[in-house]
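Chemist: Listed below, chain by chain, are the residues.
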Amino acid sequence: MKIILNNTEEHFENDALTISEILKLKNFVFKMLVIKVNNVLIKKNEYDNTIVKNGDDLMILHLVSGG
Amino acid sequence: MLTKIHDKTIGIAGCGGLGSNCAIALARIGIGKLIIVDFDSIDRSNLNRQYYFIDQIGQPKVDALEYNISRVNRDVEVIKHQIKLDSNNIPKIFKDCDVIVEAFDQAVMKQMIIETVLSEMPDKYLVSGSGMAGWGNNNTIETKQFDKLYICGDMVSEISETLPPLAPRVGVVANMQANQVLDILINLM
Chain A
27 MKIILNNTEE HFENDALTIS EILKLKNFVF KMLVIKVNNV LIKKNEYDNT IVKNGDDLMI
87 LHLVSGG
Chain B
397 MLTKIHDKTI GIAGCGGLGS NCAIALARIG IGKLIIVDFD SIDRSNLNRQ YYFIDQIGQP
457 KVDALEYNIS RVNRDVEVIK HQIKLDSNNI PKIFKDCDVI VEAFDQAVMK QMIIETVLSE
517 MPDKYLVSGS GMAGWGNNNT IETKQFDKLY ICGDMVSEIS ETLPPLAPRV GVVANMQANQ
577 VLDILINLM
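As they're listed, the protein sequences go chains A and B. Using the working numbering, you'd call the opening residue of the first sequence number 27 and step up by one each time. Using the working numbering, you'd call the opening residue of the second sequence number 397 and step up by one each time.
Mixed in with the good hints there might be a few duds.
Said to hold, decoys possible - Pairs of lysine to aspartate or glutamate residues, derived as DMTMM-like cross-links and limited to a Cα-Cα distance of at most 25 Å, are as follows:
1) A/K57 x B/E538
2) B/K544 x B/D439
3) A/K70 x B/D501
4) B/K476 x B/D494
5) A/K50 x B/D403
6) B/K429 x B/D492
7) A/K52 x B/D494
8) A/K62 x A/E35
Claimed, not checked - DEER-style ranges, computed between Cβ atoms:
9) A/N33 x B/V468: 35 to 41 Å
10) A/K28 x B/D471: 28 to 34 Å
11) A/K57 x B/V468: 33 to 39 Å
12) B/I453 x A/G81: 18 to 24 Å
Just so you know, these hints were derived from the structure itself, not from any lab. All figures in this text were calculated on a predicted structure; none of them were measured in a lab. Backbone N, C-alpha and C fix where the C-beta goes; we use that ideal spot for every residue, glycine too.
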């Protein structure tokens, strides 16, 4: 499938993946994330059962401390 | 052109390194109104990056920042709240803002305000900062845009024992946030 990840086109072998699977594949091991799929906010407890499919627009923000 | 920002309101969520410097930059260019929020008081260790002075140590940050803003520009209206922001009070406190600046230090608070604004106030512009600890690496600092959410920083440099937050890099990001706010306001007009 082909998706938009953080404003950039991204290809995956699979036809569909959960958010958790994408985080693993992309090696996002960060703790503090904000995730949107097609402009809908996805909370942490929904990562395992939210399916991302071809054409979806995904935002994965990684937040670090400091300010 | 900048006279048009005299009637704009900006919310500053946190008055530490990002918030104090961003607020001062916006005051200097003549922003109309600043809503500044922070529960904390000034500690000596804050002076390595935050827009406060030695004689203000111990004062609530919102009181000292209000005063420092008035010393830069008396025409800025300042509304201050000495409280801890959370997902319940954010929509009320920042309801009338044209843009909200996320200026917390902890990642968990950054996540909280971004999620709150995206879910509760989806029409609001939010300018956040993430990744500014340490020094050098000027060219890794950038701004990413996701609809009405902007993130300034290098996205990776987290504070630690060996990577402190320091005036130069925190100031760069705070002023990038102010610059992004100004750009949003000008494009709104």
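Chemist: Hint by hint, say whether it matches the structure.
Modeler: These are the hints, each one checked on the structure:
| no. | hint | in the structure |
| --- | --- | --- |
| 1 | A/K57 x B/E538 | 22 Å, holds |
| 2 | B/K544 x B/D439 | 34 Å, violated |
| 3 | A/K70 x B/D501 | 21 Å, holds |
| 4 | B/K476 x B/D494 | 17 Å, holds |
| 5 | A/K50 x B/D403 | 47 Å, violated |
| 6 | B/K429 x B/D492 | 10 Å, holds |
| 7 | A/K52 x B/D494 | 35 Å, violated |
| 8 | A/K62 x A/E35 | 16 Å, holds |
| 9 | A/N33 x B/V468: 35 to 41 Å | 36 Å, holds |
| 10 | A/K28 x B/D471: 28 to 34 Å | 52 Å, violated |
| 11 | A/K57 x B/V468: 33 to 39 Å | 38 Å, holds |
| 12 | B/I453 x A/G81: 18 to 24 Å | 55 Å, violated |
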